[in-house]
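*Asks:* All chains should be modelled from the sequences, with the hints used to inform the complete structure.
Our numbering puts the first residue of the sequence shown at 74, with every later residue one more than the last.
Heads up, none of these hints are tricks.
Derived PhoX-like pairs: lysine-lysine, alpha-carbon spacing no greater than 20 angstroms straight-line:
#1 Lys-271 to Lys-317
#2 Lys-666 to Lys-708
#3 Lys-699 to Lys-594
#4 Lys-676 to Lys-699
#5 Lys-676 to Lys-643
#6 Lys-271 to Lys-320
It should be emphasised that the hints constitute simulated quantities derived from the structure, not laboratory data.
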Amino acid sequence: MDAQAFMNELKRHNPKVKLAEIREAYDFARAAHYGQKRFSGEPYFSHVLEVAFILSELGLDTESIVAGLLHDVLEDTNVKGEDVARIFGEEVFSLVEGVTKINEIDLDAAEEEKAENLRKVILATTKDIRVIIIKIIDRLHNMRTLKYAPKEHQIRTARETLDIYAPIAYKLGMHSIKSELEDLSLRYLEPTVYQELKRRINKTLPEREKEVKRIVEDIQKKLEEKGMKVTVYGRAKHFYSIYKKMKRKNLRFEDVHDLYAIRVIVDTVEDCYRILGLVHALWTPLPKTFDDYIATPKSNLYRSIHTEIIYGGFPLEIQIRTWDMHRSAEDGIAAHWRYKDTERDKEFDRRISWLKQVLDWQRSSQTAQEFIERMKIDLFKDEIFVFTPKGDPIPLPEGATPVDFAYGVHTDIGNHCMSAKVNGTVVSLDTQLKSGDICYIVTSKNGRPSRKWLQTVKTQNAKSKIRQALGIKGHFDLGKKETSLKRPKETKLLDSIVKPAKYSKATLKFGKCCTPKLGEKIQGYRTKDGKVAVHEQNCITLRALDDSRKIELSWRSAKSKSGDFKINVKVTDRVGILPDVLNTIANSGMNIKALRTKTSKSKYDIQFDVHVEDEGQLTGIVNQIKGIQNVLDVKVTVP
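*Replies:* This is the structure:
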């Protein structure tokens, strides 16, 4: 493409760009790269020209297009940074320098070094989002022409693209680019799989194209007959998404029928829901395939309604969205420059809000490896949406727990979390949440994080806040394995607990939902494996458990000793009061040596002579007896 043709195309895509500045950069870059060749044998300038052209297609501003033309001059030519700054300005120089710094990062290094390098990539993004957009487009064109590179270079570049640049493109909402990067990566990482998919899809392509055309026409006709103004078209699903589905569900290609998706585009949000109702009325919807990303957008602000129907005996995915949602889904953050208005500015701010989170991680991470773990889990993993009781969606990674949810709502909620209800049912704090769950967190001013939470939470936000509350430093040490997260002196603490005689051989363990401290009131619960879980007496989770499996426990006192005691219980008369008190004491494992009662009108004084192995047991028994209906008072005396 010569200079004039390039300028004409730029003007067609984006009439607002400053052609004179871009033409100056065109001539400068062509001269700087003169004589340089690519693996394909083409002039190197063809690459930077293509990068600038794609940036123009996306609607990026003049400075981005100029930087696209110049993005390799500092690294691959004799041009100096001060020359770029002097001729094209500090803003362009900053963009070119940012891309150059990313290019200098070795992502094919040892694990810890790779982690540090990825941190640099992301942090380069935080200074100016256009840096990473230019780099992603640079990588896109390199992937499109990767077939000319040596095999080793192909594999290394494809792996890096799949692990880093495709997920970042997704996070920025650049869905079409993300999908192309994934497909191109699959071509080199799994060449046999890719070629087989391509062969099979191409083999049936003519028939499938006819089928999709028929489906599109049928759906468009039926919806228009209902008075709806719609645009319907079909798109082939990307190779990588088909590959992931085959791998995830262990399917053969012949068993994958939904190779196409249908998009229905309308003018308003209200029309989206009308279309959904019509689609479900006209065709049978498949259960558990409905996702409303309009009501609850993804964290990258993707919005659409997804549903699957049975069409012609096979599942067919339907995506329903407005034109505005469609443009945003295709271009992602790049749409900010194409459609500049107040709403776009707000959306832009929301899209880059994750960068603020990255900066927080940078400050709080002890090592680069810890930082990389945060990136992998919180940014690159599939996400779910869990709702507060008020209906606010909290985005979380798959496998997240109520504790992750609590910290996602607010740090104070997490730090004082005692128990959780999911969809109205009390659950343990290590329960894995599902998209659509409604989670209610029970808090207590006396609650505090448990070290055991660190073993089950998935978000690095939760891990960081838990460690901070417990005063634990980062758990990644350079070149070392993860340090133990067990409760210090846990065995000693368990040895300090007095069990009833009948459970003397039962193994004690701490519950996962609370953190009993030495001297605090505790209670046990017989688990299905025959062990006794130790809980704080006011543990909300414990309260929801079967009372018949609860056991009185106490801490062994420093001056622990066995002995005889009298327990005096004052009660008002009711049927069954004596057996209730008697069974409470008997179930504790105490030896009842004598029992006496005195009657005074409607009141009774019941006196038990008991022998205990540890006088520390008495406090727990007294509290339990006081909780019995019609008990007025309990006193312990020494004979």
